[in-house]
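Engineer: If you're matching them up, the sequences are chains A and B in order.
Our numbering applies: residue 1 is where the first sequence begins, and numbers increase by one.
Our numbering applies: residue 1 is where the second sequence begins, and numbers increase by one.
Some clues are possibly wrong.
[Stated by the list, open to error] Sample of chain A residues lacking proximity to chain B, with all beta carbon distances greater than 12 Å (derived):
| id | residue |
| --- | --- |
| 1 | SER14 |
| 2 | LEU20 |
| 3 | PHE63 |
| 4 | THR72 |
| 5 | HIS75 |
| 6 | ASP85 |
[As the list claims (entries may be wrong)] In silico DSSO-like links for lysine-lysine, alpha-carbon gap of 27 Å or less:
| id | chain 1 | residue 1 | chain 2 | residue 2 |
| --- | --- | --- | --- | --- |
| 7 | A | LYS111 | A | LYS68 |
| 8 | B | LYS57 | B | LYS14 |
| 9 | B | LYS71 | B | LYS57 |
| 10 | A | LYS69 | A | LYS58 |
| 11 | B | LYS9 | B | LYS71 |
| 12 | A | LYS111 | B | LYS9 |
| 13 | B | LYS57 | A | LYS49 |
| 14 | B | LYS9 | B | LYS57 |
| 15 | B | LYS57 | A | LYS111 |
Just so you know, the hints here were simulated from the structure itself, not pulled from any lab data.
Each residue gets a CB set at the ideal place from its N, CA and C atoms; glycine is no exception.
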Amino acid sequence: AQSVTQLGSHVSVSEGALVLLRCNYSSSVPPYLFWYVQYPNQGLQLLLKYTSAATLVKGINGFEAEFKKSETSFHLTKPSAHMSDAAEYFCAVSDGVLSSGGGADGLTFGKGTHLIIQP
Amino acid sequence: NAGVTQTPKFQVLKTGQSMTLQCAQDMNHNSMYWYRQDPGMGLRLIYYSASEGTTDKGEVPNGYNVSRLNKREFSLRLESAAPSQTSVYFCASSFPRDPQGGELFFGEGSRLTVL
Numbered sequence: 001a002q003s004v005t006q007l008g009s010h011v012s013v014s015e016g017a018l019v020l021l022r023c024n025y026s027s028s029v030p031p032y033l034f035w036y037v038q039y040p041n042q043g044l045q046l047l048l049k050y051t052s053a054a055t056l057v058k059g060i061n062g063f064e065a066e067f068k069k070s071e072t073s074f075h076l077t078k079p080s081a082h083m084s085d086a087a088e089y090f091c092a093v094s095d096g097v098l099s100s101g102g103g104a105d106g107l108t109f110g111k112g113t114h115l116i117i118q119p
Numbered sequence: 001n002a003g004v005t006q007t008p009k010f011q012v013l014k015t016g017q018s019m020t021l022q023c024a025q026d027m028n029h030n031s032m033y034w035y036r037q038d039p040g041m042g043l044r045l046i047y048y049s050a051s052e053g054t055t056d057k058g059e060v061p062n063g064y065n066v067s068r069l070n071k072r073e074f075s076l077r078l079e080s081a082a083p084s085q086t087s088v089y090f091c092a093s094s095f096p097r098d099p100q101g102g103e104l105f106f107g108e109g110s111r112l113t114v115l
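If we strip away everything but chain A, and leave its shape as in the complex, we get (with noise of 0.2 Å):
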C-alpha cells in the first residue's frame, strides 16, 4: 500500500523567505503525486500534481514541486514566502483505482505541514 511522509507539522519561515515542505512517499508502482492547501475554516484545494509528464510541476500562487524518483520525494517550495501562503498543506500519493466495475480515485494523504509566515 502507497504511504505518505512529510517532515515537520509545523514549519515558520519569514515573509520573503523560501518556502520548503517535504514529502517523502512509497509505492510499489509509479506514483501520480499531489500538493493540496487548506486555508483555515475552508475546504481542501489542489495546488499542484504530478503525472509523469515532467518531473518539474508547476502550480498555483507561485508553488512549485519536483519528482526525484530516486529519493522517493516530491518537496513542494516557493521562492518567496507571503503572509497569505500561511496554511495547512497536505501531500497526497494516488492508489489508483480503489475498486472495479467503474473505479473511484484514492488517495491516501500525509499528516499534513502547517506553514506560518512570520512577518
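Following the hints, put chain B in place on chain A, whose structure we already have.
Structural biologist: Positioned in the frame of chain A, the structure of chain B alone reads:
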C-alpha cells in the same frame, strides 16, 4: 459554480444522538467520498462511492453508514454518535479517467462536535 456543497457546516450532538451529513456535487462526477480530518492525522477515508448505486468501506468506516442517493448526492449518517466522532468531515468528488488516479474536489467541510 457551486462545486461540492456540504450541510450543515457546524453541528453539536450529544452522545447517542443520530444525524446525517449531506453532500451534493454539480460537476457530473461519478465518484464521491467522505473523509474525516483530525489534528495530526491528516485525512482518512470513511466511505466512498465509485458510481451511482455502489458504496464501499474506506479506512475508518466503523460507526458510519452512507447512502448514494443519486449521482449528485452522497450522505453520511452517524446512527449513535460518540465523542470519538468529533471531527471535521469532508465530502469530495471526482470523475475517474486515469487508472493511476486523479484529483479530488472537496467541499468546505462540516465541523461536528459530540459531547
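Engineer: If a hint holds in the structure, say so; if it doesn't, say that too.
Structural biologist: Each hint tested on the structure:
no.: 1; hint: SER14; verdict: 25 Å, holds
no.: 2; hint: LEU20; verdict: 19 Å, holds
no.: 3; hint: PHE63; verdict: 15 Å, holds
no.: 4; hint: THR72; verdict: 16 Å, holds
no.: 5; hint: HIS75; verdict: 17 Å, holds
no.: 6; hint: ASP85; verdict: 19 Å, holds
no.: 7; hint: A:LYS111 <-> A:LYS68; verdict: 21 Å, holds
no.: 8; hint: B:LYS57 <-> B:LYS14; verdict: 25 Å, holds
no.: 9; hint: B:LYS71 <-> B:LYS57; verdict: 18 Å, holds
no.: 10; hint: A:LYS69 <-> A:LYS58; verdict: 18 Å, holds
no.: 11; hint: B:LYS9 <-> B:LYS71; verdict: 22 Å, holds
no.: 12; hint: A:LYS111 <-> B:LYS9; verdict: 23 Å, holds
no.: 13; hint: B:LYS57 <-> A:LYS49; verdict: 26 Å, holds
no.: 14; hint: B:LYS9 <-> B:LYS57; verdict: 24 Å, holds
no.: 15; hint: B:LYS57 <-> A:LYS111; verdict: 21 Å, holds
In summary, the structure agrees with every hint in the numbered list given earlier.
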